[in-house]
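Asks: Just so you know, the sequences run in chain order A and B.
Note that our numbering has the first sequence beginning at 1, numbered continuously upward.
Note that our numbering has the second sequence beginning at 1, numbered continuously upward.
FYI, nobody ran anything at the bench for these hints, they're computed from the structure.
Partner residues are not named here, just some residues of chain B that face chain A (Cβ under 8 Å, in silico):
#1 Phe162
#2 Val169
#3 Gly171
#4 Asp217
C-beta: ideal position from N, C-alpha, C; glycine also.
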Amino acid sequence: MTPALQVRGLTVRYREVLALDDVHLAVAPGEACGLVGMNGSGKSTLFRAVLGLVPTSRGDVEVLGGSPQHARARGEVGYVPQTDDVDRDFPVSVADVVLMGRYHLMGWRRRPRAADHAAVEAALDRVRLTELAGRQIGRLSGGQRQRVLLARALAQQARVLLLDEPFTGVDAASEAAVSSVLRELVADGCSVLLSTHDLATLPDLCERSVLLHRRVLAEGPTAQVLTPENLALAFGLGTPGSARRGTGAR
Amino acid sequence: MNLDLVTEAFGFAFMQRALLVTVVASIVCALLSCWLVLIGWSLMGDAVSHAVLPGVVLSYLFGLPFAVGAFVFGIGAVALIGTVRETTRLKEDAAIGVVFTTVFAFGVVLVSVTPSQVDLSHILFGNVLGVSDVDIVQVLVLGAVAFAVLVLLRRDLTLYSFDRVHAHVIGLRARRTGAILLGLLALTVVVALQAVGVVLAVAMLITPGATAFLLTDRISRMLLIAPTIAVACAVVGIWASYALDAASAGLVVVCQGLAFTLAYLFSPTQGLLRRHGALRAGGRGRQRAPLSLTAAEGTGVGSVLPSAETDGTRAP
Ligand SMILES: Nc1ncnc2c1ncn2[C@@H]1O[C@H](COP(=O)(O)OP(=O)(O)OP(=O)(O)O)[C@@H](O)[C@H]1O
Ligand SMILES: [Mg+2]
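Can you build the whole structure from these sequences, using the hints too?
Replies: Shown next as structure tokens:
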């Protein structure tokens with residue numbers, strides 16, 4: 001079966017910093033794969049490289065058996081970035097943001113049809129934000145904003161979801177809600193690659209995981225990857241590349 | 001207000017033409033300003049409007065319509081800024097500053113060596129009371145084009161301003177949208193040039209959007225409020241210039257500044273007085289980070305700055 005996401009020999013540098021070094025990984029259709037590694041281990045960089053947001057030095061990426069550009073052009077890749085990237089002062093409502101997940105399905109003037117509004121409603125319902133649909137995007141908690149961005153990816157009807165730390169700053173109830181949405185999606189045949197620092201809940205969500213530390217240190221069934229020895233290796237190696245940037249604790 | 005004086009003022013043909021040109025320029029600038037303010041590209045408006053100076057002078061020299069030279073230099077400056085920013089480690093504001101001051105200075109030199117038919121003060125501060133028929137046609141045509149593109153592409157422009165990474169991810173050509181926005185900026189500056197001149201065009205490209213931002217938290221409403229305020233300021237400013245016999249462009253921009261001040265003080269959501277009252281009452285509900293007009297953000301895909309974490313949670 002063609003993997004939903006296949007990464008071969010991916011190498012990414014930011015000027016002098018080597019962020020990813022010869023990374024190989026594959027995510028099968030209908031599979032959730034966890035991406036684990038310390039701050040600065042290259043998780044976000046991997047997502048950005050897959051999406052063509054940073055130039056790669058070497059290696060190639062295939063999405064659903066084709067080029068990533070092709071998959072993006074068909075709206076098949078959904079991406080939820082680490083939240084602090086969003087402009088909180090921007091004058092749009094929650095529903096406006098979720099609607100943006102469907103722009104590629106609309107005509108060039110991006111005029112929403114009934115189906116688009118219905119998809120927005122359904123997506124908001126799924127992440128339990130229906131009551132907040134009319135709120136300005138800045139007047140939400142971090143966890144709520146994270147769920148808005150997930151709803152946008154749901155409304156997009158993407159088949160491959162890339163989630164960068166979807167559980168950071170999210171309370172237990174929201175995390176459970178988000179996890180159950182993800183499980184439903186996976187059951188429907190979507191593929192998910194998600195990075196996380198929450199090792200406790202990872203085995204429930206992802207049958208497979210990848211341990212990253214600039215290179216892939218281990219991959220396979222989550223329980224076998226998250227062994228004390230492997231974790232000591234991944235988290236005890238010191239900071240990869242240069243000093244980490246302020247993303248960790250919030 | 002004395003109604004007779006109003007009818008008298010706008011009874012003159014030259015006043016009507018001045019009003020027409022100023023209103024058209026105000027509407028287009030105000031629409032564009034909404035996105036510029038939201039992206040943090042106000043400085044870009046500053047840069048493009050100054051950089052057109054040599055283009056205008058050269059157009060006069062070669063007998064071309066001023067719009068041609070202005071547009072070419074406007075686009076050229078944008079391209080040059082982009083190149084400097086992407087090929088060096090300079091921040092965008094430095095790239096903008098270096099390019100536009102140099103190009104502007106080149107224009108000043110050109111003016112100084114050009115025979116007297118070029119009146120620098122008209123280019124710098126506008127000459128709306130003396131517009132020719134050709135100028136009016138140019139302003140109307142270019143203004144209509146800019147207006148149509150801005151209105152038709154408004155949702156793409158908003159997505160680009162809000163989250164260009166997402167635009168890229170769903171396969172929309174974010175870079176192209178950015179290029180269109182900058183092209184529209186050059187076009188709009190050309191329109192505004194005729195009405196208020198190079199220096200004050202900057203104000204028309206920032207103030208209405210900033211004012212509307214203070215008054216609402218929906219971009220769809222900003223896009224109505226900003227042009228409405230700008231048109232009102234155009235009418236009042238032009239009329240006041242007749243009544244006071246003072247510089248029309250200056251008065252239009254002063255009016256816009258006054259409108260901003262009123263919004264700043266009395267905005268129902270973010271007004272200073274409202275916030276002051278809320279603080280005294282012990283509430284701290286709706287405060288927001290102050291609007292930063294100078295924050296220059298990268299133009300490339302993927303260069304998304306984290307927004308300031310300065311929401312109003314300071315306890316009294
Ligand atoms: N824009 C950038 N310019 C230069 N170096 C960068 C940039 N972004 C990340 N890096 C570096 O690349 C490496 C990988 O960073 P990345 O953000 O991918 O880590 P991460 O695993 O997502 O970390 P975190 O858990 O903190 O989110 C780090 O060494 C980091 O310092
Ligand atoms: Mg990260």
